[in-house]
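A.B. asks: Please model the complete structure; the sequences and the hints are all you need to start from.
Number of protein chains: 4
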Amino acid sequence: MIAGIIGATGYAGAELVRLLSGHPKIDGLALASVSFEGDRIEHIYPNFLGKAEGFLVKPEEVAAAAKVVFAALPNGVGESFAKTCVEKRIPFIDLSADFRFDDDEATFSAWYGKPYVYPELRNHSVYGLPELNRKRIKELAASGSVIIGNPGCYPTGASLGTYPALAKGIVETGPIIVDAASGITGGGREPARAFHYPECADSVTPYKVGSHRHTPEIGRNFDAMIKAGSGTEKQNPGTHPLIFTPHLVPMNRGILSTIYVPLAGAWRSKAANAGPPRPPLAEVIEKAGEIRRLYADFYRNEPFVRVLPEGAIAATGRVRQSNFCDISVHLDQTGTTLIIVTAIDNMVKGAAGQAVQNMNIIFGFDETAGLTAIPGSF
Amino acid sequence: MIAGIIGATGYAGAELVRLLSGHPKIDGLALASVSFEGDRIEHIYPNFLGKAEGFLVKPEEVAAAAKVVFAALPNGVGESFAKTCVEKRIPFIDLSADFRFDDDEATFSAWYGKPYVYPELRNHSVYGLPELNRKRIKELAASGSVIIGNPGCYPTGASLGTYPALAKGIVETGPIIVDAASGITGGGREPARAFHYPECADSVTPYKVGSHRHTPEIGRNFDAMIKAGSGTEKQNPGTHPLIFTPHLVPMNRGILSTIYVPLAGAWRSKAANAGPPRPPLAEVIEKAGEIRRLYADFYRNEPFVRVLPEGAIAATGRVRQSNFCDISVHLDQTGTTLIIVTAIDNMVKGAAGQAVQNMNIIFGFDETAGLTAIPGSF
Amino acid sequence: MIAGIIGATGYAGAELVRLLSGHPKIDGLALASVSFEGDRIEHIYPNFLGKAEGFLVKPEEVAAAAKVVFAALPNGVGESFAKTCVEKRIPFIDLSADFRFDDDEATFSAWYGKPYVYPELRNHSVYGLPELNRKRIKELAASGSVIIGNPGCYPTGASLGTYPALAKGIVETGPIIVDAASGITGGGREPARAFHYPECADSVTPYKVGSHRHTPEIGRNFDAMIKAGSGTEKQNPGTHPLIFTPHLVPMNRGILSTIYVPLAGAWRSKAANAGPPRPPLAEVIEKAGEIRRLYADFYRNEPFVRVLPEGAIAATGRVRQSNFCDISVHLDQTGTTLIIVTAIDNMVKGAAGQAVQNMNIIFGFDETAGLTAIPGSF
Amino acid sequence: MIAGIIGATGYAGAELVRLLSGHPKIDGLALASVSFEGDRIEHIYPNFLGKAEGFLVKPEEVAAAAKVVFAALPNGVGESFAKTCVEKRIPFIDLSADFRFDDDEATFSAWYGKPYVYPELRNHSVYGLPELNRKRIKELAASGSVIIGNPGCYPTGASLGTYPALAKGIVETGPIIVDAASGITGGGREPARAFHYPECADSVTPYKVGSHRHTPEIGRNFDAMIKAGSGTEKQNPGTHPLIFTPHLVPMNRGILSTIYVPLAGAWRSKAANAGPPRPPLAEVIEKAGEIRRLYADFYRNEPFVRVLPEGAIAATGRVRQSNFCDISVHLDQTGTTLIIVTAIDNMVKGAAGQAVQNMNIIFGFDETAGLTAIPGSF
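Residue numbers (the numbering used here), protein chains in the order written: chain A, 1 to 378; chain Y, 1 to 378; chain S, 1 to 378; chain F, 1 to 378.
By construction, these hints were calculated from the structure, which means they are not laboratory data. Warning: the hint list may mix true and false statements.
What the hints assert, rightly or not - Cut-off 20 Å, straight-line C-alpha distance, at most; resulting in silico cross-link-like pairs (EDC-like, lysine to aspartate or glutamate): (1) F:Lys58 <-> F:Asp39; (2) S:Lys270 <-> S:Glu283; (3) Y:Lys51 <-> F:Glu172; (4) A:Lys208 <-> Y:Glu286; (5) S:Lys208 <-> F:Glu286; (6) S:Lys208 <-> F:Glu310; (7) S:Lys135 <-> S:Glu286; (8) A:Lys51 <-> S:Asp104; (9) Y:Lys51 <-> F:Glu286; (10) F:Lys51 <-> Y:Glu367; (11) F:Lys51 <-> Y:Glu286; (12) A:Lys168 <-> A:Asp297; (13) Y:Lys51 <-> F:Glu302; (14) S:Lys51 <-> A:Glu302; (15) A:Lys208 <-> Y:Glu283; (16) A:Lys208 <-> Y:Asp223; (17) A:Lys51 <-> S:Asp223; (18) F:Lys270 <-> F:Glu172; (19) A:Lys83 <-> A:Asp103; (20) F:Lys208 <-> S:Glu286; (21) S:Lys227 <-> S:Glu286; (22) S:Lys51 <-> A:Glu310; (23) Y:Lys168 <-> Y:Asp223; (24) S:Lys88 <-> S:Asp104; (25) S:Lys67 <-> S:Asp366; (26) F:Lys51 <-> Y:Asp297; (27) A:Lys51 <-> S:Glu286; (28) F:Lys51 <-> Y:Glu302; (29) S:Lys168 <-> S:Asp104; (30) A:Lys135 <-> A:Glu310; (31) F:Lys83 <-> F:Glu60; (32) A:Lys51 <-> S:Asp366; (33) S:Lys138 <-> S:Asp366; (34) S:Lys51 <-> A:Asp297.
C.D. replies: Here it is as structure tokens:
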């Protein structure tokens, strides 16, 4: 089967090239790039030499040649390709934000500054977080027309870290804080001062405090995950507002999310309000264990979520080059707040790997096909 | 004036050597090291060659030669040197935790696993955060016997970031979250797996979640800062419990603290509970500006605190090699939570620089003497 | 087929675990570790969770269970395991230096400070640089008893970079300079000051100038490669003495070798001695192209050597996580000296990957089996 | 005294701002920037907040206000400012290549692609390597009109490393190889793909092999240093051709040069041609010591050159933020080749610090004024 990639020369596109070149069900790639049309992919990425070679063609040629099309384009420019694919009944897996908000065009346009081009395409689209929407992905695939709104990198880690807590109703009403740190590849391939080596090496800083575009996506997921847990249509949307602070750290790959979730009464440590000098650690540890088991049970059939055992803490270095999302479960020392740490490779589970996972679901392949890489030890 | 350093070969000790060698009031150094007694400092640190040279002697010889003694020792081993100095009426500036808890031996022993050796020394000691305790430092100095419990690295950034908010009473009762990230020098000079290059490069991870020893120090400071603001003795201690999560990031120097403070009603954005799609940014920005002015005014006379203007965000790379604490003030998009970001060089304002600042106060030197380094641009 | 690894918890061992776990011909692993016997590999390396799990057993149990044994042990301690394997006619692939010097025990003992334990084992051993000794590896494999002396990391890059030049006789008598830079994983997993993050981050330095143990191994290879090219037994050994300077650079993986080779007259640019202001670049470029074609032709059937096209320069970042050795061919501006740049991943082609390649040759597997990873783009 | 900087917002310019702000003889700065005229320096570099503030004005205003002018501009655009300063008898210190080649316009134009604008200015200019040209700098300063052609970053490390050997005639005719590695700040402040964080992190690579513009500058210095040693006008220029390979390594600051110098007969180890297995180390060490003493003696009065003792190896991390050039002296194991390692901070001794050193010489200040920073330990 030929897979097509539109926008193959950006970082997410290049990661798709890498993953699909090693995918057992993919026999060849058709690659398009606006910036480098006519050039060769192994010239742009010399690491591909001898492994993933070929000319970069026009997007139309990709759509003509491929049985599945991935788009790794800027926001707001890929809808026409999606339309073509829907008409040709070719699955379209979109890594931009264009199809992440379903029919909520208002939120999309408020944050991304542009309207939907073909709003009706959302009849065929689904937010592609497999752990949340696997069933719907399969339904649309069966219908013959499917567009995947592949999740953003931050929303993937933030959502997988909160899903069990929200779905199982152990959270007290109130804000959830997601404090996240990303490697520099998250900024893409285009040189810019913020990602210039001397500007970001040996430094750490937040950015877009209170205004990052992934905020509404994560917030919407909170509501969707509550609803998925309860099975009912509306569950007081917005009961768990989000405070989201992204940081830039000097590393290439990875997103770490440290998530602070206020616990509902029954899930708090009994001695939650006990004062200093030292909290009753045994009780806190026991409660954390209870919630850790809840998480492990919730994800027991998920191939790419690893709930870490007691004593382990998620680290981006332990998932690099893999499609895993590692989750570690902790309680703060007062026993009132759940602290969830998640780690993903931002370019794999946070982008290209998740896109391939969605393709596997659509085509009925083993969901791990092409995604079996073991995380590097260093 | 001769300054002495006991524990001169650890990272904090070496940073003291560097700063004191360039201090206009210091004519010479007397250096002691248990591990390297008899060796030369420029042999251990070849960067000092030609600039800060000399043999490492016994601690007793340091106390005999110096007019001020700095101790950069493990916790719980330096009290006898403090005692000697008090008896000789030589200021003793201690970078360990031994004198950070004043007469609250219970908290110290609960978290550090050992009792005070000479509890009565706390009659002469003060927690050396100049912005909070400058007056008391001067009083003790005037008394002739002064021990400084130099603050921990994390507590410095966390406390300076919350002091104006707590002192001015703009905070709602409830937990304050400090999500902090440290460079690897925070782990000290001794090799260990956690600080082995391949283990921490290109990765980020929290550690000691819910159990770091700086937690009680920061929590105690919260109470002290409320009290300092109100001027009254007891102000419901513990009304602002702390959730503190330290992270390790691949850089040498620096601590970034992202601090989430729930705002009291009057300080929230009026439309704080307004829903999606988009918050009324103008109102949030205005409220943030109000609090930023409050911060700037609060610190207007502090030589080492820089409250950044609107639009700027604190970054560790902007304070490196300096004694500055940069603070940026933000509101979350819902207008309910104050987000304070502070950046320090963990080895300067977070350790050796603050110790020198304390020395300057004690001796009546210009408080910036020896600490005038401009942060490097890269 | 079960593969065994003795010394599975060091960095080279862990990389073997990772590669062999994804190898299509390997059904299971038997892992031994002296330091962590009884523990589990996924506890030592949490990145292996769910992918490569199991208890660490005794070396004897590994030898009993496996059809091939890899040893990633310190120098001088693995010979008894090799002996056992030879007796059981199980291939033994040794990543230490013990079997790299064939019957030249004098050189081994001069540089490694110990004698051979079972000198007669060298009747069954071969230096495992496949590009040089593939034929001999197959012969020994056919004989039923084979020990591989897997090459050192530096010698792999240095030898592959000089082999065509030496075999084809385009080199003038005289010293060849290998200036090489390694990532920190080359120092192994044990914490040490030289590999402590703050000591090596943001700095570069040579080490063991003129005295690194890989020097005699590279020098011996020079002679072997000349001999391999000429087909005759003795070709004035030592006509190309080696000057080798290893450097430590702040990165995790990779070795870059910049190699300076004095060219024989016929291969020099004609205007080699032309003076300033500017060399006749066209001529230099033409001569470089000639030698580049010679290199490309020499390696045309090698699956893991990529001779880069004109204009490209080898970089470690382009081969990371792969078994490739990238080679770029240049001439200095005076046209007298060949400058060869090679890049490998020190833990793959420089250690574990090459070991797997040797296993593939021994067992007649496709030589790239388990080694098909495409280098990451970042 | 007011110092002016034209091109204050590039990296070298910013480093000048930092150093001059702390200089005891400088009372104020006048700063110009083409790109950011009208903006404020502390807005471009927030690290300067509260320490080095002010508007960026036109170059003409700088020349009008200052008693010394530094220019950190692209090559070939600053001559008119130099002319103005010469006419006004204000020292002009130029960090571009425009005045590095004295009256050899042919070499300049061959490598930089443009002619001199005002060739006659070279009557007043001198190549500003103080260790080589201190006397001439003073002479020109005394004449009232002085232009400094501040050396390039690579030439500084390469020249200081070879000067004693060339001046003392211990080198055999033939090529000298300079294999050098630079931190990324060497590429300047403008974002570009080669300096984009994900492209250079965790990788090392040479660039411009055989064609870097610093080649003719270093080669010219070889001749000048031989001449300076012998005291005669012409000493067979070009007898020591240069092979120069720059590398890019993932760090912010620093240049390490590993320099291979063929030794004249008398300076070789007697057993230079002794074969394997092991060289006579004692003899090699003795010879290295002899040359090390020669180097130490040669530089005994230089305030910024540190010849390291036996056993130490130069590392960029040991000179960071300082104006030092560290030099370590080694012999290769065969005793025929001198291996010199030099380390500088590329932005200090390699650029801005050296410029300040030149200013100090011109004005008769203590040569170390404003340059007393002790290198950071980390």
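A.B. asks: Under the constraints set out in the numbered hints, which ones does this structure not fulfil?
C.D. replies: Numbers 3, 7, 8, 9, 11, 16, 17, 21, 24, 27, 29 and 30, in rising order.
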